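Trainee: Sequence:
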Amino acid sequence: MEELSGKSLSCAEKEKLKEKLAFLKKEYSKTLARLKTDVAGLPAQDTWNPSSLQLVSKFKNPSSSCSVDVSAVWWDRACAKEPCIVTACEDVVSLWKPLDTLQWEKVHTWHFTEVPVLQIVPVPDVYNLICVALGNLEIREIRALLCSSGDESEKQVLLKSGNIKAVLGLTKRRLVSSIGTFCSQQVQIMTFTEDGSSKDEQLLMPPDETILTFAEVQGIQDALLGTTTVNNIVIWNLKTGQLLKKVHIDDSYQASVCHRAYSEMGLLFVVLSHPCAKESQAFGSPVFQLLVINPKTAQSVGVLLCCLPQGQAGRLLEGDVKDHVAAAVLTSGTIAIWDLTLGHCTALLPPVSNQNWSLVKWSVTDSHLLAGQKDGNIFIYRYF
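Take any residue in the sequence shown, count from 1 to its spot, add 11: that is its number in my numbering.
The hints are simulated quantities; they were obtained by calculation from the structure and are not laboratory data. Every clue listed holds true.
Ranges between beta-carbon positions, derived for each pair: (1) D261 with E116: 39 to 49 Å; (2) D261 with K166: 39 to 49 Å; (3) L66 with D262: 33 to 43 Å; (4) D261 with T202: 30 to 40 Å; (5) P94 with H122: 16 to 26 Å; (6) K166 with Q253: 35 to 45 Å; (7) G173 with D211: 11 to 21 Å; (8) Q114 with D262: 41 to 51 Å; (9) A91 with S263: 42 to 52 Å; (10) M276 with Q253: 18 to 28 Å; (11) T240 with S364: 35 to 45 Å; (12) G173 with E275: 28 to 38 Å; (13) E93 with G173: 33 to 43 Å; (14) T308 with T342: 31 to 41 Å.
Predicted model only: the values in this text are computed from it and were never measured. Using N, Cα and C, we set each Cβ at its ideal position, and we do this for glycine too.
Modelling step: build the complete structure from the supplied sequences, incorporating the hints.
Mentor: Structure follows, in structure tokens:
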């Protein structure tokens, strides 16, 4: 990506990129045909054995309100950083520390009486701080949750308020948010110090389209993607704040969510999910898609489509992607996991104790999968 790296590509490198993109286009039809074969060969739900998931521990959040999110963070306690779990209900956010017996103890609690919690917003590289989004259906506030030094009392700090359309925690202790719509939109990066106090703010050039989601580009820390309401992917240079490109993606899937992006050989590999996708005779019910973008030409091509396995109905409710694996809660109440290098579903986790799953997140501290139910039950699985 010339605009981001500051280096010009040689003629040989440009030709190599053209050849790779042409190869990916040819492979697209082959991939779709293979996907149809793989899906047809998967066992039905009643014979599925999720051998790649192992239950490690579980606990219950005692809050009387519904669970809305779960996440993993590093927390500094007694001069030692340890992996902790954060649970969010509509009126309370709790921090849980691990015990030697694989049980969990609640150590901090933040209460909310006016505006309900919508989601947890993890910020990498920051310790002893949790960011959360609050609102009714749409985000109205972003707050930082932390503990005062000395007495360990919990406190909240208002970071942003308004008509917030998207928010994401980035590496290097940064938080990006989009406030407003169209011409009145403001896209801003806030940087924290290591102890969690805010440091400075930077404005990014806004597109003339409302941002739906953000995604950081693995391999290029100063690149940021955003998906918009008109099915475009926009690309920023975070050093300059410049909006570099707009790439239009397939109109077949509206309101796509961008989860992850990776850079290789000047191309962007973007993982999208399609919560509004309709079932088709050719592809079934698409959930995740791997898209390849040439940022110089703004061309894109889909190279992988992950669909519901046989015996599963409905669509994606929420999903999360980490490295080469993707997990989704389906409207049927089941959790499904796909290996993005293989292109097919590798595990199904049916409802437990007649309670549907409502939350799923990959842990950022290890290879565990965090799964939750609305009644406050949190399950931790090892995926292998």
